[in-house]
Amino acid sequence: MSRRAIAQFIFALTVALVPLADALSAESRILHIGNAGEPETLDPHRYNLRLEETLLNDLFMGLTTFDAQGRLVPGAARSWGTSDDGLTWTFHLRDDLSWSDGQPLTADDFVYAFRRLQDPATAASLAYFMYMLDNAPDVNAGRAPLTALGVSSDGPHTLILKLSRPYPYLLERLLYPTAFPVPRHAIEEHGDLWIKPENWVSNGAYVLADWQPQAHVHLRANPHFHTEVAISEVQYHPVVNEQGGYNRFRNGELHAIGSFPVGELDHVREQYPDELRMSDLLSMMYLVFNTSAPPFDDVRIREALSRAIDQRVLTDKVLRSGNKPAFSFAPALIDSYNAVELAHASEPFPDRIERARSLMQEAGYGADKPLNITLRHVAGLEGKKVNLAIAGMWKQIGVNTQLHQADLRNHFADLRQGNFEVAWAGWVGENNAEHYLTLLQSDIGNVNYGRFALNEYDRLIDQAQSEASLEKRNQLLNAAESVVVHHHAVVPLYTTAVRRLVSSDIEGWYENPRDMHQVRYLSWGR
Amino acid sequence: MTRYLLKRLTFSLITLFAVITVVFFLLRIAPGGPFDGERQLPPEIEANLKAAYNLDEPLYRQFALYLGRLVTGDLGPSFRQKDFDVNELVSRGLPVSTALGISALLLAVLAGMAVGTLAGLHPGKPLDVWLMSLSNLNLAIPTIVAGPVLILIFAVFLRWVPAGGSGTFTHFVLPVIALALPYVAAVARLIRGGIVSAGSEPHVTTARAKGLSPGRIVGFHMLPTASIPLISFLGPAAAGLLTGSVVVEQIFDLPGIGRYFVQGALARDYTLVMGVVVVYSTAILLFNFLADVAYGLVDPRIRAL
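Residue numbers (the numbering used here), protein chains in the order written: chain A, 6 to 531; chain B, 355 to 659.
Treat each hint with caution, since some may be false.
List of simulated lysine-lysine pairs, DSBU-like, C-alpha gap at most 35 Å [what the hints assert, rightly or not]: (1) Lys564/B / Lys167/A; (2) Lys374/A / Lys400/A; (3) Lys400/A / Lys389/A; (4) Lys322/A / Lys389/A; (5) Lys201/A / Lys404/B; (6) Lys479/B / Lys564/B.
Because the hints were derived from the structure by calculation, they are not lab data.
Whole structure, please, built from the sequences with the hints as guidance.
Shown next, in the form of structure tokens:
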């Protein structure tokens with residue numbers, strides 16, 4: 006046998022043995038997941054990003070949690086109840102709860118955690134997620150002691166939360182890491198270093214085994230978790246560019262990625278039909294008008310621009326990435342809520358344009374005096390394309406659009422300062438209309454980028470927020486939305502589609518509008 | 355000589371201080387801050403965050419605090435990678451970047467010398483034309499294009515090496531090649547020129563007349579003369595590789611300090627960017643200082659100072 010033949014034989018043998026070796030090592034097989042970026046922290050009270058929520062949901066478990074389909078189910082609490090006025094919530098904890106070091110986990114740990122979140126020294130940027138707790142803003146500002154916070158325990162297995170106003174979405178809010186318990190004993194022993202793998206203690210299905218910044222975060226099954234998990238080791242890899250993640254998926258280095266270049270969608274549909282997982286994310290992409298200055302303080306101009314935009318063309322012809330056109334500011338995906346659509350959504354497009362043209366004329370603009378505006382968007386290839394399309398649509402009604410792009414951080418800094426005319430904005434999140442509609446409240450702060458203000462709207466939202474019954478609350482929100490839709494403060498464009506690729510080796514992965522996939526529900530298919 | 359070295363050292367330190375000062379204030383002038391996001395923070399929360407990172411102090415005091423810590427070798431806490439301090443991040447990223455840079459430099463010199471010699475020995479022949487066209491192409495293609503093409507060919511289609519990430523030796527193969535390619539070409543061109551002109555030197559003609567083997571002639575009589583321009587090229591090349599690694603680390607998801615630099619700048623992580631800048635500029639100033647020392651040793655006019 007020549008040397009070359011021997012080399013070929015060895016190569017063939019290696020190739021043949023790889024699947025065998027994989028099968029043998031199934032016990033310690035590592036799941037590799039591409040995450041949208043590098044986590045800034047794994048401290049549930051200091052976290053800030055969605056990509057951290059993914060990891061934190063594997064590492065910790067709050068009072069409520071997600072099931073494999075992304076639905077809300079009991080977590081550390083096995084049951085709960087609420088008082089008639091909706092202000093007192095009582096949670097009954099499971100009695101088999103423990104930390105990953107074997108220490109028992111009690112209601113007092115939750116009391117400690119809720120107080121730590123509001124402790125000014127923690128400097129939690131999302132502390133306001135739990136501002137419905139009694140005295141929370143005052144505690145966070147240092148005006149009230151930690152003990153004034155509306156949280157207490159009644160024995161080791163009963164936790165009581167007291168709210169300042171009714172908040173029927175509390176169970177859902179508790180899904181966020183801001184409501185996760187943290188190990189008091191470890192924090193008191195190690196201080197800020199409790200977060201290091203060697204000191205790590207948590208109560209989720211996994212624990213932190215290793216963290217190589219910008220390379221991977223390695224999690225290992227928590228032996229003290231109340232049920233067994235099928236996958237014992239998982240590594241999250243920060244994938245900063247879509248193409249890179251897609252390459253690593255195709256090369257078999259990553260089992261799941263959160264997105265891939267949109268231009269590859271047709272190819273992926275053909276090549277990876279079983280691996281492609283498309284789902285609608287609870288989200289809203291919209292254009293916002295700066296209503297505090299001319300010309301956008303004029304509702305006729307806002308309506309004309311809104312009418313000229315054909316959402317379906319943007320999603321189906323321009324973006325072609327599975328996004329769903331949106332005609333209401335609260336996403337249509339929200340449970341038990343009927344979002345109010347734009348009145349012109351059902352009109353034929355030529356009629357929309359004609360009415361838009363006459364609105365522009367009424368407002369004093371026409372062929373001899375065109376309206377010149379600047380549209381701000383976040384830098385990116387996809388952004389350029391869709392913005393040119395919007396500029397084209399506005400051209401039809403005699404509006405000249407100049408595009409201005411900036412990176413995400415500068416873009417939103419400009420928006421918060423009111424330094425724009427028309428701009429892109431987006432909101433991702435909860436399964437309730439309030440989460441979106443409050444963005445147009447006049448006193449919500451600079452997240453109401455367009456400085457929209459309408460007394461009647463504010464009053465209806467305020468009424469809704471004092472209502473404990475979800476049904477009545479939604480009715481009031483609905484009334485508020487029907488008022489605001491005629492003022493065209495924003496142009497709803499679309500809800501985002503998540504384009505994931507998940508290896509067919511993995512079982513138990515279900516699409517859901519929260520895009521939550523805890524590793525404990527997954528298993529190796531082959 | 356001592357006076358000369360002291361002078362160079364003082365200049366290096368002044369330059370370092372100037373770089374630190376300029377970058378510190380430039381970062382603060384840049385729009386957006388480390389805690390800005392899509393969501394707006396309630397004022398009390400923003401105050402808590404700023405207090406935690408001394409951002410509530412006046413700017414000159416922040417600068418003094420930073421310099422005070424820097425003198426003791428403390429690069430401070432990272433604003434965005436909250437579970438690490440900058441020293442920790444740099445000490446993990448620096449070995450990756452160094453390994454990448456040194457391997458690329460070695461590859462560039464070795465491969466460049468081989469290609470340059472081959473081409474230079476056959477000036478004007480098809481081999482020369484072919485090799486030099488390839489080199490020109492290499493010089494013209496930026497890493498940001500060559501990197502993804504390499505990934506597509508060798509990782510996605512051939513599956514010989516990983517497409518990105520780190521952990522094993524194989525993860526470094528493509529990044530090193532991508533980083534080295536333009537430098538291979540540059541070195542090859544330098545060496546080719548040297549070899550061509552050395553071919554007509556009297557001592558080479560003499561060596562041929564003496565009947566020395568071609569290998570000996572090239573190795574002992576032509577390459578040494580042809581390599582002299584290489585020495586002055588290495589300084590800037592090392593600096594170029596350092597900055598080039600910023601791009602390569604992004605493309606290949608390598609956890610080096612170049613990647614921290616980019617991610618840190620995007621996230622307005624003041625301390626992380628400062629830390630990388632301090633490390634980069636110290637390295638470059640050190641290279642320059644060493645080059646000055648080398649010149650001093652070689653050039654008697656400087657030695658006399």
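Evaluated hints:
no., hint, result
1, Lys564/B / Lys167/A, "violated, 100 Å"
2, Lys374/A / Lys400/A, "holds, 13 Å"
3, Lys400/A / Lys389/A, "holds, 16 Å"
4, Lys322/A / Lys389/A, "holds, 14 Å"
5, Lys201/A / Lys404/B, "holds, 24 Å"
6, Lys479/B / Lys564/B, "holds, 26 Å"
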